[in-house]
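Visitor: Given the sequences, and given the hints that come with them, work out the whole structure.
Number of protein chains: 2
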Amino acid sequence: MTYCVGLLVEEGLVMIADTRTNAGLDNISTYRKLHLFNVAGERVMMLASAGNLSMTQSVLSMLTEGVDGSDGEPPQTIMQQPTMFKAAQLVGRAIRRVREIEREGFEAANLRMEVSFLFGGQIGEEPMRLFMIYSAGNFIECSRDAPFLQIGEHKYGKPILDRAVKYETDLYDALKVGLVSMDSTMRSNLGVGLPIDIAVSRVGALDTEVNHRIEAGESYFHDLRERWSAALRAAHRAIPRPPYGPSGA
Amino acid sequence: MTYCVGLLVEEGLVMIADTRTNAGLDNISTYRKLHLFNVAGERVMMLASAGNLSMTQSVLSMLTEGVDGSDGEPPQTIMQQPTMFKAAQLVGRAIRRVREIEREGFEAANLRMEVSFLFGGQIGEEPMRLFMIYSAGNFIECSRDAPFLQIGEHKYGKPILDRAVKYETDLYDALKVGLVSMDSTMRSNLGVGLPIDIAVSRVGALDTEVNHRIEAGESYFHDLRERWSAALRAAHRAIPRPPYGPSGA
Numbered sequence: 702m703t704y705c706v707g708l709l710v711e712e713g714l715v716m717i718a719d720t721r722t723n724a725g726l727d728n729i730s731t732y733r734k735l736h737l738f739n740v741a742g743e744r745v746m747m748l749a750s751a752g753n754l755s756m757t758q759s760v761l762s763m764l765t766e767g768v769d770g771s772d773g774e775p776p777q778t779i780m781q782q783p784t785m786f787k788a789a790q791l792v793g794r795a796i797r798r799v800r801e802i803e804r805e806g807f808e809a810a811n812l813r814m815e816v817s818f819l820f821g822g823q824i825g826e827e828p829m830r831l832f833m834i835y836s837a838g839n840f841i842e843c844s845r846d847a848p849f850l851q852i853g854e855h856k857y858g859k860p861i862l863d864r865a866v867k868y869e870t871d872l873y874d875a876l877k878v879g880l881v882s883m884d885s886t887m888r889s890n891l892g893v894g895l896p897i898d899i900a901v902s903r904v905g906a907l908d909t910e911v912n913h914r915i916e917a918g919e920s921y922f923h924d925l926r927e928r929w930s931a932a933l934r935a936a937h938r939a940i941p942r943p944p945y946g947p948s949g950a
Numbered sequence: 702m703t704y705c706v707g708l709l710v711e712e713g714l715v716m717i718a719d720t721r722t723n724a725g726l727d728n729i730s731t732y733r734k735l736h737l738f739n740v741a742g743e744r745v746m747m748l749a750s751a752g753n754l755s756m757t758q759s760v761l762s763m764l765t766e767g768v769d770g771s772d773g774e775p776p777q778t779i780m781q782q783p784t785m786f787k788a789a790q791l792v793g794r795a796i797r798r799v800r801e802i803e804r805e806g807f808e809a810a811n812l813r814m815e816v817s818f819l820f821g822g823q824i825g826e827e828p829m830r831l832f833m834i835y836s837a838g839n840f841i842e843c844s845r846d847a848p849f850l851q852i853g854e855h856k857y858g859k860p861i862l863d864r865a866v867k868y869e870t871d872l873y874d875a876l877k878v879g880l881v882s883m884d885s886t887m888r889s890n891l892g893v894g895l896p897i898d899i900a901v902s903r904v905g906a907l908d909t910e911v912n913h914r915i916e917a918g919e920s921y922f923h924d925l926r927e928r929w930s931a932a933l934r935a936a937h938r939a940i941p942r943p944p945y946g947p948s949g950a
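Just so you know, the protein sequences line up as chains A and B, in that order.
According to the numbering used here, the first sequence is numbered sequentially starting from 702.
According to the numbering used here, the second sequence is numbered sequentially starting from 702.
Everything labelled a hint here was simulated from the structure, so no lab data went into it.
Small disclaimer: the values here were computed from a predicted structure and weren't measured.
C-beta: ideal position from N, C-alpha, C; glycine also.
Among the hints, a few may not be true.
What follows is a set of in silico ranges between Cβ atoms, one per label pair, in the way DEER data are often shown [claimed, not checked]:
no. : chain 1 : residue 1 : chain 2 : residue 2 : range
1   : B       : G770      : A       : N839      : 49 to 55 angstroms
2   : B       : D727      : A       : L812      : 32 to 38 angstroms
3   : A       : D924      : B       : S771      : 54 to 60 angstroms
4   : B       : L891      : A       : A810      : 34 to 40 angstroms
5   : B       : P783      : A       : R813      : 52 to 58 angstroms
6   : B       : F786      : A       : D846      : 47 to 53 angstroms
7   : B       : I729      : A       : D846      : 20 to 26 angstroms
8   : B       : I729      : A       : A906      : 52 to 58 angstroms
9   : A       : A810      : B       : G767      : 44 to 50 angstroms
Guide: So this is what it looks like as structure tokens:
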């Protein structure tokens, strides 16, 4: 299992990804799912992955080594792409190439070829963008109306995002709400776990401002979890008793 | 879509169910999913359903009219069952009967035969119990360690239950937290919607203490939603800014 969330607000981009992978509940490991492709001053690109690990790793390797062109064009790397849109298209093409290569083996083993990616960043003077790329290689783009995208186990952590994140939200508030969303997911689903990788890029900086791994026991995140739990308890205590009972109605 | 939650705490049982059904996004209706089988002073039984509506309705009708016995026994109704366990078994048998009857038609139409039920209550002097019954007719029972069960779109509303409900939780606090869980689900998933049916039974009462439909615009539920949103906003504002940024680190 996996949970990754990307938040694209006015001031910049936040990406958060857990690191737990499992092939069955008895085979749990830690793998990095958030990958950065940076050339400071030229481009910042962040790619977070969910789904079959062998496929997402192959997609990553292919994006670095080069994805075969469709009409005998030379292989293209993600670093060569001139725009975020073209780079997202290349991620989609890499997914389709890996599917072609692996299909027979996956079908024989009755495995599902499911992967998804969050891909965000900025190249040169074009706007900062955030995409969600599906197993079929198609993709959608994050909009101002709902300035976040999620992959993996997205449902547990969605209510807080729906309520608390707007396009105008401060960049570090977006990071904070994203971490609360991650915490909610981890508490309710053992398939999502620490450490957590986070990255932040401010619009126009063309570099990451944060690139950090939150390990188990780190005091800020521990404090955030405790404060959030205490606040939720206080919040539901402060709501009046339902008026439907025998003493209320 | 559907969301139903049952909470079995020390003082009693709470059941909450939405009423939205949809056959495609363009065919949305309101159907009662929470059904009560009461004989005051003798038994109180609550059954909430999720999944294919034609199947859950047939199961309900069969439980009322009688489920055929397996070895030529006479048909059995849910009201005849002497214990909650036997009644849960009968629900399971009704599901299997409906599956047998409908299988051919469903397969021809490539429809999924998925249903699930929450079934809780108390008969005579036996303890109050709560079960979740699956499509195959098998079931699990709610325990003190996790005193709630959910069917349907359960993920959005699980984080608040995980944090706020214990076996010792007050009965009407359990109802309140259940309503917050329902609110979180409705905000994040259009397939779950008002009105909401709620029922409460206190241990030993052998009757419902609340049997109410919350309609859109009802002031208590509206107030609960507003207060909860405001409290969440205040809660994440009160958490300190992440220390990872350039000014923080």
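Visitor: State for each hint whether it applies.
Guide: Consistency of the hints with the structure:
In this structure the hint that B:G770 and A:N839 lie 49 to 55 angstroms apart at CB holds, the actual value being about 53 angstroms. Roughly 35 angstroms separates the CB atoms of B:D727 and A:L812, a value that falls within the hinted 32 to 38 angstroms. Our hint of 54 to 60 angstroms for A:D924 and B:S771 holds, since their Cβ atoms are close to 58 angstroms apart. The given range of 34 to 40 angstroms is respected by B:L891 and A:A810, whose C-beta atoms sit roughly 37 angstroms from each other.
One distance hint, 52 to 58 angstroms for the beta-carbon pair B:P783 and A:R813, is violated here, with the actual separation near 45 angstroms. Look at B:F786 against A:D846: about 50 angstroms separates their beta carbons, and that is inside 47 to 53 angstroms. Distance hint check: the CB atoms of B:I729 and A:D846 are about 22 angstroms apart, consistent with the given range 20 to 26 angstroms. Between B:I729 and A:A906, the C-beta spacing of about 45 angstroms breaks the proposed range 52 to 58 angstroms.
Under the hint 44 to 50 angstroms, the C-beta atoms of A:A810 and B:G767, about 47 angstroms apart, fit the expected range.
Hint compliance for this structure: hints 5 and 8 are broken, all remaining hints hold.
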